[in-house]
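Protein chains: 2
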Amino acid sequence: MSTNLVSGTSPAGPVEARDATRSRAAAFDRWLLGRVVLGFQSARVRFRLWDGTEMSASDAAPVGTVVFKDRRALLAFARDPELQFGEGYAAGRIDLIGDFVGIHEEAIRARSGAPERGRRLRHSSGSSREDARHHYDVGNDFYELWLDREMVYTCAYFDPPDATLEEAQRAKMEYVCRKAGLRPGMAVLEAGCGWGALALFMARHHGVTVKAYNVSKEQVRWARRRAREEGLDGRVEFLEADYRAAQGTFDAFVSVGMLEHVGPENYPALGDVIARTLTPTGRGLLHFIGRDRPEPLNAWIEKRIFPGAYPPTVAEVLEGVLQPKGLSVLDVENLRLHYAKTVHAWRTRFEAAAAKLSSRFDESFLRAWHLYLVGAEAAFLAGSLQLFQIAFARSGVNDVPWARAALYAPSAPADGNG
Amino acid sequence: MSTNLVSGTSPAGPVEARDATRSRAAAFDRWLLGRVVLGFQSARVRFRLWDGTEMSASDAAPVGTVVFKDRRALLAFARDPELQFGEGYAAGRIDLIGDFVGIHEEAIRARSGAPERGRRLRHSSGSSREDARHHYDVGNDFYELWLDREMVYTCAYFDPPDATLEEAQRAKMEYVCRKAGLRPGMAVLEAGCGWGALALFMARHHGVTVKAYNVSKEQVRWARRRAREEGLDGRVEFLEADYRAAQGTFDAFVSVGMLEHVGPENYPALGDVIARTLTPTGRGLLHFIGRDRPEPLNAWIEKRIFPGAYPPTVAEVLEGVLQPKGLSVLDVENLRLHYAKTVHAWRTRFEAAAAKLSSRFDESFLRAWHLYLVGAEAAFLAGSLQLFQIAFARSGVNDVPWARAALYAPSAPADGNG
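Just so you know, the sequences run in chain order E and C. First residue of the first sequence: 412, per the working numbering; consecutive thereafter. First residue of the second sequence: 412, per the working numbering; consecutive thereafter.
These are computed hints drawn from the structure, not numbers from a lab. Glycine included, C-beta positions come from ideal geometry on N, C-alpha and C. Heads up, some of the hints might be wrong.
With a Cα cut of at most 20 Å, we get these calculated SDA-like pairs of lysine to any residue [what the hints assert, rightly or not]:
#1 C/Lys714 / C/Ala521
#2 E/Lys736 / C/Arg520
#3 E/Lys736 / C/Ser523
#4 E/Lys736 / C/Lys736
#5 C/Lys736 / E/Arg522
#6 C/Lys736 / E/Asp653
#7 E/Lys736 / C/Ala521
#8 E/Lys628 / E/Gly596
#9 E/Lys736 / C/Arg704
#10 C/Lys736 / E/Ala521
#11 E/Lys628 / E/Asp653
#12 E/Lys736 / C/Ala598
#13 C/Lys736 / E/Glu706
#14 C/Lys736 / E/Lys628
#15 E/Lys736 / C/Glu706
Here are a few chain C residues that face chain E, going by a calculated C-beta distance under 8 Å [stated by the list, open to error]:
#16 Arg520
#17 Asp570
#18 Ser806
Go ahead and model the full structure; you've got the sequences and the hints to work with.
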């Protein structure tokens, strides 16, 4: 971390006081710290109290230290670590020293067998809108400081592996177009279009027309401006509306980074929209953050960053969205490590922009967002989050690619201008 | 069809009597035929009675005709078409005229919305053995007449599309090895090895050692002989045993064409075997006939051809086998049309071998098998059957391929000798 603003406001406790036996902490505090450490057994992480008392969760050399700067932070964390770690960190009552991502990855792997907490999710057209606004209407100028130039806020595809973020986002968009089988003249429905980069890319490079839905006013405004500037506003229509309002038929259905905000109770409605709008031989692509097994989102991320979000398993998507509508899976790919690399790039830019960020946003907000990026990178590295792309068509459609090799051809297979 | 033996023993009724109004059939027979035809509405298929009475299920030109040669066949078919079509055909009381596969494809597509019949499935180690013996112990010399030279009785991979069956089976084996991430020196567990072609291919071309399980005595005998002849018996061990008996650890788990015989109630046991035997960074590949949505196997196929078989959905496999064991999906591919082409090649060879076949097997047996091949080709064309390959690793393992492009490189990415 390059600045105090993002890394914490103070050096985190007296580093010389390494031995728990020499600690001045009360017996209760030490007992509680012991219980906390027990919950992270085998994680190469050290925990430190405000007075320098330290305990490690593993005999191996720690990748970093979690510092509780006061008793209140320790008590809250002990009661509900999933929620209170983020709360304490954002408030500056918990700090991290060392490898931020490593600490998270160690903690996630150590706790991967921990019992799930039951939390209910609620989604309606109304709450989706509020949820998306919570996250995306923070302001375009915030995201501009750490996303790529085209404001693509979804997993990139690093092909080649040393591609820049800008190159990797373009590679992802091309990859999505190929998986969706785009050909010039097709009509595409995009559900959840962010700042519109993919919709514009599809029109520009694959000669299609696009109707793109998004409930975030800020994003739609930005996307429309770009469409006008590029002269694509005749071929790409951005609608500030729920994707469920979509009418008409489309040769392709594309949704990149929306499904994780839809919530399982709305999967049948998503399936309805696809079944209702896809042409008989149309192709679809769902790109979403998912899980290896059903689990609620981290409580703090759900509360502070992505209200209402739920990363589903592949099976939940197949059974909730595709199967009931007679849709057939053609291809599923897990791009988990590409997302770790994507978030790494965002986090690096976020840290590099610390001075600009701190002049415009308050410290607690920035600490929360930095922690979210750190935690997301770690979650993709540790495998508690996945990134799935599912390509599909209607059951029994034989106008599908014979093999996948064409996805990896140097230029676009269909129109040659990718 | 080239011979009477396979296509039917008699010309099927007086072709001049095309008009139902001129029919001599009793009113009841005509009424029943009408009900039968109603069940296939929109299928471009004509139905004909023993006296020439005909009705069509669609106004469009029919691709072929189903001929009921006596009242008993019609009555049975009307009662339970799924089961009694095959029974009647095998017994020679139902015949087909025209495009055999086309008739099936039309019928499957027309009935794809028909209600499912509830049938229970039963699987234990004992019954699996009986089931496999039912199918595979028919005799190697039977399968030699219509499979490829290496006796690969699973979906081939036609890359390029005009590959011969022999080439396509080799391409499939190489593809499976790449998806399983084989490297020289690795130990591989193969569950359900058929006549051993894949196990031998893996050892020969990828320098691995293989333990391959199969409950069919005939197949294991053949496989062991081949291993000895090729000098691979030191590296490939064929075990006449249930795969659940496997012990030790393996760098890769491979199962091609077995899962559809395992039955959902045994998925947890399969998951156990994988979780118990796979190394921490090991890779797995499941290749199986599946469905877009849960549905029992056709009653006749289940009774006469594959007792105990059940083609699962991807979701059923993920939730039954992989998820509970902390395994992560890396890649799912649907090769449905490759299986249609594979079965087409088998059927063509089966028909070409009609003379040899009829000298060794009775007519009803051969008619049943021919119908099974016809029906399978149609089922893959119509999308009532799928062919899925699922590649997986343990959750959170980062030693996985960065991208899939290497699967399509001209030579094997790992050892260069594929």
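Each hint tested on the structure:
no.	hint	result
1	C/Lys714 / C/Ala521	23 Å, violated
2	E/Lys736 / C/Arg520	15 Å, holds
3	E/Lys736 / C/Ser523	12 Å, holds
4	E/Lys736 / C/Lys736	29 Å, violated
5	C/Lys736 / E/Arg522	16 Å, holds
6	C/Lys736 / E/Asp653	37 Å, violated
7	E/Lys736 / C/Ala521	17 Å, holds
8	E/Lys628 / E/Gly596	28 Å, violated
9	E/Lys736 / C/Arg704	10 Å, holds
10	C/Lys736 / E/Ala521	17 Å, holds
11	E/Lys628 / E/Asp653	11 Å, holds
12	E/Lys736 / C/Ala598	42 Å, violated
13	C/Lys736 / E/Glu706	15 Å, holds
14	C/Lys736 / E/Lys628	43 Å, violated
15	E/Lys736 / C/Glu706	15 Å, holds
16	Arg520	6 Å, holds
17	Asp570	5 Å, holds
18	Ser806	5 Å, holds
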